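Undergrad: The chain contents come next:
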Amino acid sequence: MLKGVKLASVMAAAALVLSACGGSDESATASAAPSGAASGVKVGLAYDVGGKGDGSFNDAAYAGLQRAESELGVEIKEVEAGADETDASREERLRLLATEGYNPVIAVGFMYSAAVGTVAAEFPDTTFAIVDSVVEGANVGSLIFAAEQGSYLTGVIAATASKSGKIGFIGGMEIPLIKAFEAGYIQGAKSVNPDIVVESKYMGPAGDNTAWNVPDKAKAATAAMIDKGVDIAYAAAGGSGLGMFQAIQAAGGPEKGLWAIGVDSDQYTVPSLADVKDVILTSMLKRVDVAVFEVIKGVVNGAPLVGVQNFDLSRDGVGYATSNPAVNDFKAAADAAAETIKSGAVKVAAE
Amino acid sequence: MTKIRKLLDVLTAPMLAITFSLIVTALILAAFGANIFEVFSKMYDYGTSTRSLTLITNTATTYYLSAVAVAIGFKMNIFNIGVNGQYRLAAMTAGAVAGWISMPGPLAAVVAILVAMFIGALWAGVAAWLKVARGISEVISTIMLNFIAIGIISYVIVQTNIGTEVKVNVRGTPKIQEGARLAGYALIDPKVKIYGFFFIAIAVGIIYWVVLNRTRFGYDLRASGLSPSAATASGVNSKRMTIYAMLASGAIAGLVGLPDLLGKEFSYTLNFPANYGFTGIAIALLGRNNPIGIAFGALLWAFLDVSSQILDLEGVPREIVTIMQGVIVLSVVVAYELVRRNRVKTQQQNVGKALAGAHANVSTSSEGSK
Chain A
1 MLKGVKLASV MAAAALVLSA CGGSDESATA SAAPSGAASG VKVGLAYDVG
51 GKGDGSFNDA AYAGLQRAES ELGVEIKEVE AGADETDASR EERLRLLATE
101 GYNPVIAVGF MYSAAVGTVA AEFPDTTFAI VDSVVEGANV GSLIFAAEQG
151 SYLTGVIAAT ASKSGKIGFI GGMEIPLIKA FEAGYIQGAK SVNPDIVVES
201 KYMGPAGDNT AWNVPDKAKA ATAAMIDKGV DIAYAAAGGS GLGMFQAIQA
251 AGGPEKGLWA IGVDSDQYTV PSLADVKDVI LTSMLKRVDV AVFEVIKGVV
301 NGAPLVGVQN FDLSRDGVGY ATSNPAVNDF KAAADAAAET IKSGAVKVAA
351 E
Chain B
1 MTKIRKLLDV LTAPMLAITF SLIVTALILA AFGANIFEVF SKMYDYGTST
51 RSLTLITNTA TTYYLSAVAV AIGFKMNIFN IGVNGQYRLA AMTAGAVAGW
101 ISMPGPLAAV VAILVAMFIG ALWAGVAAWL KVARGISEVI STIMLNFIAI
151 GIISYVIVQT NIGTEVKVNV RGTPKIQEGA RLAGYALIDP KVKIYGFFFI
201 AIAVGIIYWV VLNRTRFGYD LRASGLSPSA ATASGVNSKR MTIYAMLASG
251 AIAGLVGLPD LLGKEFSYTL NFPANYGFTG IAIALLGRNN PIGIAFGALL
301 WAFLDVSSQI LDLEGVPREI VTIMQGVIVL SVVVAYELVR RNRVKTQQQN
351 VGKALAGAHA NVSTSSEGSK
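Chains as they are written, first to last, in the working numbering: chain A, 1 to 351; chain B, 1 to 370.
No lab work stands behind these hints: they were computed from the structure. Just so you know, these numbers come straight off a predicted model, no measurement behind them. Any given hint could be a false lead.
Claimed, not checked - Taking lysine-lysine pairs in the DSS-like style, the calculated list, with each CA pair at most 25 Å apart, reads:
hint : chain 1 : residue 1 : chain 2 : residue 2
1    : B       : Lys167    : A       : Lys179
2    : A       : Lys277    : A       : Lys297
3    : B       : Lys42     : A       : Lys42
4    : A       : Lys277    : A       : Lys201
5    : A       : Lys217    : A       : Lys277
6    : A       : Lys331    : A       : Lys256
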């Protein structure tokens with residue numbers, strides 16, 4: 001019995017540690033509000049799993065929040081999500097923010113869908129916003145992004161930059177949201193080179209939350225793609241994307257004609273990715289920061305942004321990053337493609 | 001006198017462990033420069049509001065079922081790490097059955113519960129069969145079966161018609177009809193309900209106690225767990241007991257997802273909480289596999305989880321609660337060991353005294369222990 005107990009306790013402790021890793025280690029909780037918040041608006045923002053410091057999606061939300069803090073003089077409060085929680089705890093988090101007078105309350109990530117729906121109904125005078133999902137309610141802004149349009153541009157860049165005619169895609173969890181990235185990427189690449197070969201690999205099936213945080217797996221998958229002749233790879237896989245950057249770097253990087261394309265934030269400029277930035281040609285920008293800023297601005301101006309808000313190319317909601325000068329060679333092609341989408345001449349399918 | 005002593009014996013270890021973990025947590029908080037007293041009092045204030053108490057009860061309901069499932073295995077010296085896979089597969093199937101099949105409401109709830117228990121037992125049964133027929137350790141097989149369960153669930157929900165898009169970007173089983181829900185009753189707080197499954201969990205606890213302590217099966221189970229060879233010698237078929245224990249553990253594990261499924265979520269989505277099984281292991285250890293002990297453990301765990309929400313707003317990292325839980329688990333095991341050694345020592349001293357005294361009665365002092 002005792003032996004079993006010892007083994008069990010070690011396992012239980014390990015499980016706790018592991019689940020703690022799923023959350024954020026960053027002490028990203030309280031940001032002291034700047035003194036003299038000019039507008040008197042208090043913004044509450046709840047991060048998705050991964051939290052601030054993920055170098056991706058949550059950080060993009062944080063960038064928007066920061067911009068609002070400095071430009072609009074709002075007071076901000078950030079709260080983190082736990083790795084495994086029920087809708088009840090997500091609801092409670094949003095409810096706490098609303099009760100404390102935070103308005104707007106912004107929830108980052110589709111995990112909050114049900115919670116936003118419930119809590120928004122309880123606080124009709126507070127403006128809510130949800131990123132990546134559509135929630136009904138007169139006081140809810142649903143912020144969705146035309147990721148397929150942005151991915152189309154990275155596909156154009158990848159196909160133009162590829163010498164081998166083979167490009168890769170690393171996806172996180174295999175869900176429609178991520179498949180839209182893949183679909184746009186392939187369509188964009190084929191618009192340049194109809195014969196291009198696209199190798200795709202997902203890090204986990206739908207429901208496997210680890211898919212967002214397995215850089216080792218992404219590294220192995222990318223290395224295998226490089227062996228097959230892939231020279232440009234694009235990852236839409238959250239924290240797993242790091243593995244793709246590492247694999248490209250290990251295989252020789254730009255000197256061998258190999259490039260990586262990042263996602264969500266401008267990953268070339270993300271401090272935690274500084275070691276691998278040289279291989280990041282560009283990133284598909286999903287401007288969560290723009291959306292978050294607009295929501296806050298709406299509340300400050302007394303005209304809250306509610307209903308479905310589709311952040312597409314024409315609204316600067318998606319795009320590609322130009323901070324790495326190497327991308328200049330492909331800018332003309334990408335910008336021309338962007339114009340065809342904006343004008344409606346090209347429709348990008350999300351699946 | 002002996003009763004009080006026994007109670008003290010039982011309470012010493014967990015109390016020591018919790019006190020120790022409070023001290024460790026306080027030290028960590030102090031190292032981060034937080035106001036210890038304020039943090040604890042905020043947690044207490046928030047955690048004892050009627051709304052929080054309701055949420056704690058609901059969370060504890062789930063934890064309790066998970067811990068009982070693990071405890072059944074422990075009693076037989078089987079380590080069921082597969083509760084995660086068992087309950088997720090069970091909840092998904094139950095959600096699909098209750099969501100798709102139209103039956104009069106309450107009947108659908110009963111069917112959902114039976115289906116969940118069956119699937120949980122079935123999945124645990126695979127591990128039991130592997131252990132008995134092929135000698136594969138259940139530690140390995142249940143972990144592997146967890147991964148297989150995840151794969152099956154995503155396949156069913158993403159690739160087949162059983163899953164539908166419940167909300168944008170969220171796929172799951174169809175919403176369960178009103179009548180089949182066990183949303184519960186607003187007993188403490190007017191706005192939030194205590195899950196109907198709370199009462200089922202209590203019933204499970206009572207059945208667990210009765211079966212374990214008042215039936216031949218329970219006796220055989222405990223005997224096999226304490227000493228397989230002695231049990232076999234006295235005519236217990238240990239292979240059969242392994243299978244029975246694993247099936248029972250799996251059947252209860254099958255219930256773990258149902259409080260949330262039938263009480264709040266009404267659809268098994270891909271976001272369904274995924275780690276109740278590990279929490280169950282920790283609580284079973286804390287509660288010493290005892291139905292009452294587990295209940296306290298589950299409530300404590302739920303209190304910590306629910307009240308930790310306030311920490312973010314106070315500017316204290318919520319991970320502090322995870323640290324606290326980890327320290328509790330580790331120190332509780334150490335504390336039980338210390339208390340056990342101490343008890344053995346006192347017993348030996350008592351025996352020594354008794355033997356030394358000519359008139360002493362030896363038999364009363366060496367009371368049975370585990």
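Undergrad: For every hint, state whether the structure bears it out.
TA: Structure-based check of all given hints:
1. B:Lys167 <-> A:Lys179: holds, 17 Å
2. A:Lys277 <-> A:Lys297: Violated, at about 32 Å.
3. B:Lys42 <-> A:Lys42: Given that 25 Å is the threshold and the Cα spacing comes to 21 Å, the pair holds.
4. A:Lys277 <-> A:Lys201: Satisfied, since the Cα-Cα distance of roughly 22 Å is no more than 25 Å.
5. A:Lys217 <-> A:Lys277: holds, 20 Å
6. A:Lys331 <-> A:Lys256: Judged against 25 Å, a Cα distance of about 21 Å means the pair holds.
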